[in-house]
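Novice: Go by the hints and put chain B onto chain A.
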Amino acid sequence: MASPIPILEGLRPRLASLGALEPGPRPDDLTVRLGRAGDLPAAAAELGAAGLALATLAATDDEATADHDLKVRYVFEPASGPSPLPDVFVTLLVSLDPGRPELPSISAQVPAASWHEREARDLFGIAFAGHPDPRPLVVHDGWPKGLHPLRKGFDASQRPPVEPAEEFPHLLVEGEGVFEVPVGPIHAGIIEPGHFRFSTVGESVLNLEPRLFYTHRGLEKRIEGLAVDDGFYVAERICGVCSVSHALGFCEASEQIAGVEVPRRARFLRTIALELERLYNHVGDIGNLSAGASYHYGTSAGLRMKEALQQLGEALAGNRFLRGLVAPGGVRLDLTAGLARAIEAAADATGEALESLLERIENNPTVTDRLDTTGVLPLEDAIALGVTGVAARASGVDRDARRDHPHAAYASERLAVTVATETDGDVHARMDVRAVEARESMRLLRVLVGSLPPGPLHAAMPAALPPWRVGLSSIESPRGAAIHWLRSDAAGRIDRYHLRSASYANWPAVPVAAQSAIVPDFPLVNKSFELCYSCTDR
Amino acid sequence: MLTALLRSLRTGVVTIRYPDEPAAIPERFRGPPRPRPGAAFDALPPAEVCPSGAISGGTGSPRYAIDLARCIRCGRCAEGEAGAGVELGREVELAARDRTRLVATVERGADGRVVALPPPPPPAEVAERVRRTLGRSLHLRHLDSGSCNACDWELTALLNPVYDVRRLGVDFVASPRHADGVIVTGPVTRNLEVAVRRTWEAVPEPRVVIAVGACATSGGIVGRGYASAGGVGEVLPVDVFIPGCPPRPEAIIYGILLAAGRVRERGA
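Protein chains in written order, with my numbering: chain A, 1 to 538; chain B, 1 to 268.
Chain A extracted, bound-state conformation:
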């Protein structure tokens, strides 16, 4: 099939010698079935040279199917070049012997693959030869060896015993005057759980090692075997403050599989919900940054803006986290004239309050001194680690899934998003990107409400999906691109669902940024990334 996308045309001849090329999962996408697992590093190198970066990794257990194998898919997307980047994904597919699933790790050449490979090792039992950090990631101390929850033979309801275990081997920094500061998993504030191991000399952070996945709830196993309509409620509850984004990503992937066209009005309403979610997160985050800099007026001002927007969300969706608006096939609730006015009024009020707060922050040297040059994430690290969203754009990465993988109603010309970037990569830059994006969200909300097309709220979804099809979507959540990979089973139910949240992509960047910080600044650095643990751990 001829493709109009130049980046793929250049790649085809180079990849053809390594495997069979076919379109998919979406019509313009490319999948390469590698003949040998050993060719994976070479194929990944070709994609890297063409400016593609790893988006996600989706493994499946197909032992019970005719293929009788385990499959690993490394999904890449264009990451550099003139914007907008082409809306395309390239999948490298490797088939593995279920008795001895092993392939070469690409984490040394593609650092963004590191967590993905460790996760697939824990949950599927796949060995990634030569992985630079072979420690467990998702399963913690005491998990029985040889048990892999996402293998189809693993009974989801079992509760394996906790086996005696040695202490987790944290990376130790040795030398005179080096102290270890362990923090968490239970933190001092109202924060999600994670463990941070700081190695410090005086106040300077030499090394920070986060250990996450404390909130791993087994949600990807939980959703297997469910009909799309039932699985939706699990996806909507993976993360509180990303509820709309993840609900929508799941829906768009399932609608792709079903071949369902979502009505225009529904797409506009979904976009309203997405932008409201972004706005309440961004203004709340600017408030939380003030908390990190001990500027309590700013904390209260930010929390108040967020509260007003969450109350608006409840008026619109019946839930303060906007749950219940998005549904497979469309939306469940319409916009009334009163709600439209309320959204416009909220945009006005938030705009005024935000500008007032920003002016106070920028004119307050005790705050800006804390924000400037703190927690720098260099551009080359942001690219190598596959960082996304606010954190990437603040370091100069010009990417936004709303423009590069248009979803909801963003393909509409009037909703073309102006992507905000900064270059300093510090806490201040991340705050500035949020401020510009919050203004853009308010502009988009006014346009959406003012030009809401008439028409139905949803299209009929089939009770069962067409069998063995894959859906792939990328949604710009408040924290960056969240990538949803979904496959139907023989009965049209969910065979496998995998979410790579923006937080998952961004966590490995936090230790890099922390290296330019002192211990007391770490909360500020952490808040400037504002990553969720729940949608990382799932």
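Derived from the structure by calculation, the hints contain no laboratory data.
Be careful, since some hints might not be right.
[Said to hold, decoys possible] One side of the interface only, derived from the structure: several residues of chain B facing chain A at Cβ under 10 Å:
1) V13
2) P26
3) E27
4) E79
5) R141
6) G146
7) C151
8) D152
9) T156
10) V173
11) P176
12) E193
13) A195
14) S228
In this text, a Cβ means the ideal position worked out from N, Cα and C, and glycines have one as well.
Specialist: Only chain B this time, still in chain A's reference frame:
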């Protein structure tokens, strides 16, 4: 500095007066679902309608129940034709000290209509020892046992100028050693079980345990599985259950005041 002060004065008081005044509930709010008394019993929505497994009984059984602790407030059971037999309540003061009080049970009357069964009476007043030692003020250690963060953010909202729970003598403290109890969100994941127990053990006695949200009160949408214990009650002795997905801030305030023995439980 002066302009910030002037702006604050111009803004005035934004704090709500709950619990002295009732919570303001928007029209579209989806509250607790209950079978409608007088509705056709055999037409109640089947158990499969509920994505979190909160519905039990019906289809041959003379009883039918909706577990409001397990319910995630999606409103699906009140949709469509069968949904006519279910009404969504508008109350937020649902917290209970006895988990079984959160199960809305009905039976099939002689005429095939729904007859509501009253919940069991609330337990006697809060233990005298707890009240004598802890008094009217509660300082709580938040404990995330694997939540989706929605309940966590609602606890944060309690500290914003609109809810400001400190006006009620309630606060969240940094160390379990400084706490009168724990307020727990999430179903207790396998990876957090040890930390949850140890945090609770570090709280001096007498101590209270408050479970917030569907996951903490019952396992919620997560349920019980290889990575989840299926609710805080499986691991710690829970004093107050606050249902919701997530519960509204006023619902959490009510539950905290209930734990301190400062409000009377509904039906008491």
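Novice: Compare the structure with each hint and give your call.
Specialist: Taking the hints in turn, this is what the structure says about them:
1. V13: 12 Å, violated
2. P26: Cβ of B/P26 sits 4 Å from chain A, so the hint holds.
3. E27: With Cβ-Cβ at 7 Å, under 10 Å, it holds.
4. E79: 8 Å, holds
5. R141: It holds, given that the least Cβ distance between B/R141 and chain A is near 8 Å, below 10 Å.
6. G146: The hint holds - B/G146 has a Cβ within 10 Å of chain A, the shortest such distance being about 4 Å.
7. C151: 7 Å, holds
8. D152: Since the shortest Cβ distance to chain A is 6 Å, the answer is holds.
9. T156: 5 Å, holds
10. V173: 9 Å, holds
11. P176: It holds, given that the least Cβ distance between B/P176 and chain A is near 8 Å, below 10 Å.
12. E193: 8 Å, holds
13. A195: Check passed: Cβ of B/A195 comes within 5 Å of chain A, closer than 10 Å.
14. S228: For B/S228, the interface hint holds, since the closest Cβ of chain A sits about 5 Å away, which is under 10 Å.
The structure does not agree with numbered hint 1 stated previously, though it agrees with all others.
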